Every structure is written in structure tokens, then in C-alpha cells.
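K.L.:
The listed protein sequences derive, respectively, from chains A and B.
The opening residue of the first sequence carries number 0 in numbering that gives the first Met the number 0; numbering runs sequentially from there.
The opening residue of the second sequence carries number 0 in numbering that gives the first Met the number 0; numbering runs sequentially from there.
Honestly, I wouldn't trust all of these hints.
Straight-line C-alpha distance at most 30 Å; calculated DSSO-like pairs for lysine-lysine [said to hold, decoys possible]:
1) 58/A <-> 116/A
2) 281/B <-> 107/A
3) 236/A <-> 217/A
4) 31/B <-> 281/B
5) 210/A <-> 46/A
6) 93/A <-> 281/B
7) 281/B <-> 247/A
8) 31/B <-> 137/A
Facing chain B, from chain A, some residues (calculated, C-beta under 10 Å) [unchecked claim]:
9) 7
10) 88
11) 109
12) 110
13) 155
14) 167
15) 170
16) 175
17) 203
If you're looking for bench data, these hints aren't it; they were derived computationally from the structure.
For clarity, every value in this text was computed on a predicted model and none was experimentally measured.
C-beta: ideal position from N, C-alpha, C; glycine also.
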Amino acid sequence: MSMNRRQFLKLASASTILGVGAASVINNISNGSLEAAQIHPDPRALKAKRWGFVVDVSKLTTDEDYQKCIDACHDIHNVPNNPNPRHEVKWIWKDTYEHTFPNTAEDKIMNRELQEKNFLLFCNHCQNPACVRVCPTKATFKRESDGIVMQDMHRCIGCRFCMAACPFGARSFNYTDPRPNIKVENKEFPTRMIGVVEKCTACYERLAVGKQPACAEKSNGAIVFGDLEDPNSEVRKLITEKYTIRRKPELGTQPSIYYVIGGGEHA
Amino acid sequence: MLEKALSGSNRYWAWIFFLLAVIGIGCIAYMKQLNEGLGITGLSRDVSWGLYIGQFTFLVGVAASAVMLVIPYYLHDFKKFSKIVILGEFLAVSAVIMCVLFIMADMGQPMRVANILLHPTPGSIVFWDVVVLNGYLLLNIVIGWTTLGADRKGVKPPDWVKPLIYLSVPWAVSIHTVTAFLYAGIPGRHFWLTAVMAARFLASAFSGGPALLILLALLVRKFSKFDPGAEAIQAVGKIVTYAMFANVFLLGLEFFTAFYSNIPGHMHPFLYLYTGIDGHTKLVPFMWISSILAVVSLAILVFPHLRRNENILAFACAILFISLWIDKGFGLIIGGFVPNMFEGITEYWPTLLETLITIGVWAMGFLVLTVLYKVAIAVREEDAAVEH
Numbered sequence: 000m001s002m003n004r005r006q007f008l009k010l011a012s013a014s015t016i017l018g019v020g021a022a023s024v025i026n027n028i029s030n031g032s033l034e035a036a037q038i039h040p041d042p043r044a045l046k047a048k049r050w051g052f053v054v055d056v057s058k059l060t061t062d063e064d065y066q067k068c069i070d071a072c073h074d075i076h077n078v079p080n081n082p083n084p085r086h087e088v089k090w091i092w093k094d095t096y097e098h099t100f101p102n103t104a105e106d107k108i109m110n111r112e113l114q115e116k117n118f119l120l121f122c123n124h125c126q127n128p129a130c131v132r133v134c135p136t137k138a139t140f141k142r143e144s145d146g147i148v149m150q151d152m153h154r155c156i157g158c159r160f161c162m163a164a165c166p167f168g169a170r171s172f173n174y175t176d177p178r179p180n181i182k183v184e185n186k187e188f189p190t191r192m193i194g195v196v197e198k199c200t201a202c203y204e205r206l207a208v209g210k211q212p213a214c215a216e217k218s219n220g221a222i223v224f225g226d227l228e229d230p231n232s233e234v235r236k237l238i239t240e241k242y243t244i245r246r247k248p249e250l251g252t253q254p255s256i257y258y259v260i261g262g263g264e265h266a
Numbered sequence: 000m001l002e003k004a005l006s007g008s009n010r011y012w013a014w015i016f017f018l019l020a021v022i023g024i025g026c027i028a029y030m031k032q033l034n035e036g037l038g039i040t041g042l043s044r045d046v047s048w049g050l051y052i053g054q055f056t057f058l059v060g061v062a063a064s065a066v067m068l069v070i071p072y073y074l075h076d077f078k079k080f081s082k083i084v085i086l087g088e089f090l091a092v093s094a095v096i097m098c099v100l101f102i103m104a105d106m107g108q109p110m111r112v113a114n115i116l117l118h119p120t121p122g123s124i125v126f127w128d129v130v131v132l133n134g135y136l137l138l139n140i141v142i143g144w145t146t147l148g149a150d151r152k153g154v155k156p157p158d159w160v161k162p163l164i165y166l167s168v169p170w171a172v173s174i175h176t177v178t179a180f181l182y183a184g185i186p187g188r189h190f191w192l193t194a195v196m197a198a199r200f201l202a203s204a205f206s207g208g209p210a211l212l213i214l215l216a217l218l219v220r221k222f223s224k225f226d227p228g229a230e231a232i233q234a235v236g237k238i239v240t241y242a243m244f245a246n247v248f249l250l251g252l253e254f255f256t257a258f259y260s261n262i263p264g265h266m267h268p269f270l271y272l273y274t275g276i277d278g279h280t281k282l283v284p285f286m287w288i289s290s291i292l293a294v295v296s297l298a299i300l301v302f303p304h305l306r307r308n309e310n311i312l313a314f315a316c317a318i319l320f321i322s323l324w325i326d327k328g329f330g331l332i333i334g335g336f337v338p339n340m341f342e343g344i345t346e347y348w349p350t351l352l353e354t355l356i357t358i359g360v361w362a363m364g365f366l367v368l369t370v371l372y373k374v375a376i377a378v379r380e381e382d383a384a385v386e387h
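This is chain B alone, in the form it adopts within the complex:
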């Protein structure tokens, strides 16, 4: 089926080569990092994780969100998702690939990464994260490819895929739970030491991921003859709305516990992020932009008649996605490191090279996504042609 990605319009090829160019720039920047070390980033002794790990965390959520389509379609036989579900599965594949690349980008000694498997350490959450992420990648490639292949031949998917599909449901929950456990089990990082971390991760994943999917589905419809279905998009819109309310609610719980308990260590990261401490205010505007965008997106999404207008829905999904990206892809990680273990403040800001590497990884993800979507769209367009 992959050959379908090898023929396309001029616009398709222009997009592919644009992505390849961005990836190339990212690779050059990465070469410099490989030679000179992570000193080329904005990271420091005090803030030892930054943009890369933030993107990783955020994208695990995007990957996990495919389950929001799989559950209704496969468990509840919600037929309207029959066309869009493949877009979710392939989005998961590209998101997990980006996760793996961001982890590699963050390693001080990437050529030693096999040590995780050579010296398996089940006590370390990283070990489990490697296991569940790779398993999830494999599951989604196999499920997506097999169901699409069956679709192309006009037959039902083979029976052996069903158990894999059911397995992918708890597996999706596991990838984001395990990722939350990377943070939520660390003594001394008050911002992360919270039992609702995994729940909040899932809530933000199930709103941010499907919001991106709506935007992608609208784009697919605009640029191809494949229509994922207006009703399917509306149903995903509902999922986005509920999950975002759950996410904002859980964030509110964090604020209550920190400030009503009045424990300094718990309050300081929130104060740093939202008000700044002692004039250190680098993240404050971004956190407020994130909060405002979250409120505005909810104010739009909560009204069904606004949501039904696809342009308004797309706008709400876009600002919701940006809001969650700032909150989870940036604030969540930095907030854990500021103030540091000595209640001192070292601020973090990514460098140009670090940003180029990050954009390069995103471009790689979009390349994988484009190729997979191209195949899926081509198959669906053929199907549509046969039906008529």
C-alpha cells in the first residue's frame, strides 16, 4: 500500500520536500548538539529537562488520544467513526515516533541508549515507558495497516486483529499513566508529587489529541476527496469539550491543595509560573496565555450551536491545542524544576539550536503522518470510486 504515498500532486510533493528541508535543518542542529553536548541548549544544572522532555510528554498524550476513537467505534459500535478511526491510529503512530525522537534528542549519550535493554531495570519507570511506548507503536501500526489493507480489498479485517484492538484500549491508558509516573513518584519535586498527575495527563490528552484530530480531519476533507464525516467530527468535538472540562477541573484541584494548605514548597512553583518570583517572570505571560485560551476555548465549545459551525469549532480546537501545548509541553516540566532543590531560582529558555531540533522532530512526525494519511486517503478514495 505504501506505493500510494509515491504518487501525488505537486502540492503534495512541495509539502513533502518542505518537511524534508526542515528535518535537514534539524539534523544539522542536532549534529552540533551531538558534538558539543547539551550545553547548546538552555538546560542547566537546576533545570535539567526542558523543551525536549516537554514535547515528549505532550506527544504521549496525543498518541494516547487515539483511544477516544477506538472505544466508541470498536467497543460501542459507533458506526460514524468508521472512517475517522484510521486517522486517529495513524496520528498515534506519528506521535509515538516523535516521542522516541525527543527522548533520543534529550540523551546525553544517545549511542548508549541500548543500555536500557542490556541492563533491564524494572524498578525504573523509564524501563516501563520504553516497553509501553514501543508496544503501543507496534499495536497501532499493525492495527491501522491491517484494517486499512482489508478495507482496500473490500473484506472484513482478519479475526486476529480484534484482540489487538481491545488490547490497545488499556494500552493507550497505560502509556500516559506510566509517563505521568515518571514525574509523580519523585520525592522533593512538589509540583509533580501529586496523585492526580496521571488523571490530569489523561484528561489533557483526551482533549488536546482529539482537538488536533479535528483540525487534521478538516484539512483532509479540504485537500482530498476523502470525507471523515461531519457527524464524526461533531462527536469528537463533544469528547474534546468534556475532556477539557475535566482537565481544567483537575488543574483547579492542584491550585486548591497548594494554596489552601499554604505549604510553601507546594505554592512556589505555581507562584513562579503564574506571577513570577523575585522578578523571575519568563514563563508568566505564556502561562496566562494558556489559561486565557483554555477559558475562551471552553466558552465556545460548551455551546452546541457554536460547536456545530465547523469554522468556529476549528478555531476553538486550535486555541485549545495551543493552551495545552504551553501548559503541558512547557510549564509542567519547567515548573517542576523552579524553584530548585535549594529554593533558588534558575530560569530556563530554549536556545535557537534547541528550537530548530524540536521543529525538526515535529517535521519528522508530520512527514510520517503525511505519508500514512496519504495511503489511507488513497485507499478511501478508491473505495469511494468503486461504490459509485
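Just chain A, with the same shape it has in the complex:
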């Protein structure tokens, strides 16, 4: 078979396009579990099979206790302080018992102390996250290695399906440019642009260098972070010893935040 240069180039370019195109589609579909990994992992990095939190609100008494945790997170992650409540961006926040556990809010004669207690809320890093299931671009995904529900702000197309799907209201959307609302920018962490969703990512960047999540570090022991799969971890000990509840467990998402609500004698 003979061909001139023109035909050869045609054939070569067509097969390249087909080959590359097909390879990328096949790669994308077959390697769904492929993870971005560091070439040289830091030896100090904290590792777990499934990270989780135990939040003991009895150890949070003053407004300042809550605010310290919130500020620690929002400052290092460049979370904008949007003055418009409708456009609020928050990764961790304080809310009432009724809002935290709305399915139990109908009880009018329950323990007053508990009912008046405030809680710290952030992403539950669910084992079966609804947000990950609905995301059309895998911009939000669960890290197979440690169960953190991640958010890739550079892939997010801003469809907000994850916000509709998250039963915990853990996700915020940048309705306006976030950058003017960042008071002091932390150059170590990326800022975001208009039109993407963001949320708590369990301080993956701190874990990678051997540090605890910022909220846990500043919480005076109210937030304990550890491996839920490790029976000897501190979180597992707390969950075994104390009565804990999770938000909306009936939805089957398996949240990884356990709240110690006790404090009373019988708890």
C-alpha cells in the first residue's frame, strides 16, 4: 500500500486524536479510584483508615470557646467573611440544638439545659456521602485512603447539586467574589473564585505535615480527632465510654462526627 505525505499525515493525526481521546475516556472511567498522591509523602503525616471527630459540647462553655475554633479554621483557610447572610460562606459554625438535631426538635418537655446548648457544626465527612454521589464532575470525592470528603475547587462547575444533596447544610457557594472579603490572606492556602462550592476538608493540608485539624487544636479537648476504624484510638474510646449521637443517622450517610451531649450525672 502506498500513500503520499498528505494521506500519511491525515491518517496519523486522525489515529492520534482517536487514540488519545479514547484513552482519556477509558482512563477516566476505569481508574475511578485513582488518587492524587504526593511523590515524597512527609514522614510526619498523620494516617488513618477513616478519620472522625468526637465533639464534646460540655467542654464548650463561653462564646469565645466556640469562636476560637471557628476563627482558627476560617483564618487559615481564607474563608471569606461575607456580610450578606444569604451569601454566607462557613466551614465550621455554631448553632442551636434545635437546628443541629431538627428531627428531635418537636420535643417540648426535654432537658432545658441540653435544649439551650449550642453545637459546633461542620462537614460530617460521611461514609456514604450524598454530595459525592450527585457530583457530576467528581469535584467532590471521598479519599479512599482516609475517608475525607474532599473538594476540588478548580474542577467544580458550580451546579450546586451537592448543596441540594447534603443533609447537613455543610456546603457554601461563592455567590460573590470571595477575595475582597478575606481580611488577612493566608498565602499557604489557596483562595477561591466566584461560582464554586467549598466546605471543610478536615485540614488535609495539616494532616499531611503531621498536624491536627485547626479546630481540634484550638478546642481545649472539646473536639477530638482520630481514626474511627482503630479500636484503640481516642475517638473510639470516647464513643465506647460516653453516650454520643450523630446528626440525622436515619438517612444512612454514616456521619463521622459524634456528639457527646452528656455532662449530666446519668450521661
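Given the structure of chain A, go ahead and fit chain B onto it with the hints provided.
P.N.:
Quick look at chain B alone, frame taken from chain A:
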């Protein structure tokens, strides 16, 4: 054939330029949204979908409704639909184009939308919605254009179109089922978590879409020499009536389950929409207007002798369309977000810019519809001239 859209009366051109002007205004408003973000809309952290997604959902129904003409004509050989069926197919084309535009308008980062194809995620319903909507658009363009082209030449449509026509039937059902699955599979949104969602979507689609088609057919007859057929219009009227009864019945089922079970999470969205909660009553008048219009339209349509009067039929179809537009294009989406995940209430109301963008997209749909109908009408008028 497209050249037929390039010659028309002064009235035709006035209408085209009016639509272009409205589209232009919509584009300017959209530029502002593109620059400043979705903050220019009435959306919020709590109500994160609104008018755009509501219009998208509603218009998927309008698109799917073409099947109500395709089934009788192609599967049951119901000859009276021979002229009107092209109007249904072209309506589907313009409705799907509007759907795609509304999705684009709703994206926070529209220039990244190709990520849906670059990172295909079959686990996400959005992926399937993109597949079925684009497939349906293609099917209807190919089928409509080919059959009309054959008609123009006075020959039978080529054989290869038949399988595509048969394929378009389940495909139409699939677009609205998949769209319902966007909502019906979300844990924690009680208003949407219902197995009859897809069925209700189809019922409302098969009444609202054909109701619009009746109005369009009457307009086409008024402004051109092309008559889609009085009997065809009556037959579509029957379809509208049955489907609307099914829709209202299914809505009634939702009320029963929510209120007889007495589960607060299930009742709250209904209470918000129809009575308001703690003084938050923005949507209440609209939901009641929707309910009243639905009842009145059914009270008219159920009597054949009223339906046979085309003026009364047109009136009933118009109020039925408005009723469904409020219910599905607005209430259904907002009801899913109020109360929010914390049982708190944040109300939603579209802003002026958001409304202008929405009207701009509708104008774009009407432009596509006008051009396609112009071609279809011109071909049919030629046919009529040859016959005589």
C-alpha cells in the same frame, strides 16, 4: 429548507426583531451575572436553586410532551395528527434548547461545564440528564427535519427514520424520568423524596406541554394558511384533560402521605407553600392561584361540549399552563429548600436581573420555535397550494 425562514411578512420580522431585542436585554443581564456571580440572583446558601432550575424542570416536561403526538400518529396510525405532529417535534426542539440554556445560566462556572464530559461520572444523575437531553434534541431535529423535507418533496420519509421515531418514544419518557431522579433520590429533602415524583412529572408534562401546543396550533391557524386540524386539536384537548386529572390525583397522594403520616419533615414544605410558616408567606398566594387555576381548568375541560368551543378550550389551556408553570417551574423547587436542613426558613424571590435573564432564555426558545414553525408552515402552505 431554512431559507424559508428568511422571507416573511412585516409582522413576522417585527416579531423576530422583538425577540432579538429581548434576547439582547437578557444577554446584557447575563454579562453582569457572569462578572459578578450568582449573587445578583435571589438565591442563597439555603435556597441554592431557584427560577433557572425551575424553568429547566418545567421545560423538560414541555419537551417530553411531543411524545403524546408521536404515539398516536406513529404507533396507532392516528391520521388526524399527520399535520400537527411536526409542531410537537419542533416544540420539543426549542424546549430542550431552553433547558440547556437555563442549565448554563445556573452554573457558577459555566466555562467549566465540559468537565461533565471530561470526567464522566455515571453515578451522578446529571451525567445521564446531559446524555438523554442532548440525545432527545438530536432525535427531534433529525426526525422533524427529515419528515418535513420528505413532505416537501412529496415523497415518503426514508425508512431509516422509523426506528428513530420509535426510539424517541421511550426516550421522551426517559428525559423526564431522569430529570425527576435529580430530585427524587436526595436524602434529607422530604418534599422531593417521593416515589411518585417521576410519575407526577410525566403527568404534568403530558398536560402542560400539549396545552401549550393547542395554543400554538390555534395561533398558527390564525396567522397562516396552515391548518393543523380542528379534530387534531380536539384530540390533544382530550389528552390534556386526562393527563391533568392524573397530575392533580398524584399531587393529592403527596398531600395524603404527608399529612396522614403526620411526619413534621414531610408536612413542613407543604405548610410553607400553602399556608406559610411563621409569617413567611411569599409563595402562598401563588400556590393558591395555581390550585384554583388547576381546578377551574379541569372544571371546563371535563365537559366535552365546553372543550369543543375553541375559545373556551384555549382559555382552559392557558390557565392550566399557568397553573402548572407556578407549581412545577417555581413551587416544586423552592419547596424542596424551605424549610432548610436546619428546619429554619430562608425565603427566595427572583431579582430583576434574574428575571430578565429568564425572559431572555424564553425569548431565545420562542425565536427557535418561530423559525422552525415558519419553515414547517411554509412547506405545508406549498403542499396545500400544489394540492389545489
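K.L.:
The structure should be examined with respect to each hint, and the outcome stated for every one.
P.N.:
So, going through the hints one by one against the coordinates:
no.: 1; hint: 58/A <-> 116/A; in the structure: 11 Å, holds
no.: 2; hint: 281/B <-> 107/A; in the structure: 28 Å, holds
no.: 3; hint: 236/A <-> 217/A; in the structure: 21 Å, holds
no.: 4; hint: 31/B <-> 281/B; in the structure: 26 Å, holds
no.: 5; hint: 210/A <-> 46/A; in the structure: 11 Å, holds
no.: 6; hint: 93/A <-> 281/B; in the structure: 28 Å, holds
no.: 7; hint: 281/B <-> 247/A; in the structure: 29 Å, holds
no.: 8; hint: 31/B <-> 137/A; in the structure: 29 Å, holds
no.: 9; hint: 7; in the structure: 30 Å, violated
no.: 10; hint: 88; in the structure: 8 Å, holds
no.: 11; hint: 109; in the structure: 15 Å, violated
no.: 12; hint: 110; in the structure: 19 Å, violated
no.: 13; hint: 155; in the structure: 7 Å, holds
no.: 14; hint: 167; in the structure: 6 Å, holds
no.: 15; hint: 170; in the structure: 8 Å, holds
no.: 16; hint: 175; in the structure: 4 Å, holds
no.: 17; hint: 203; in the structure: 20 Å, violated
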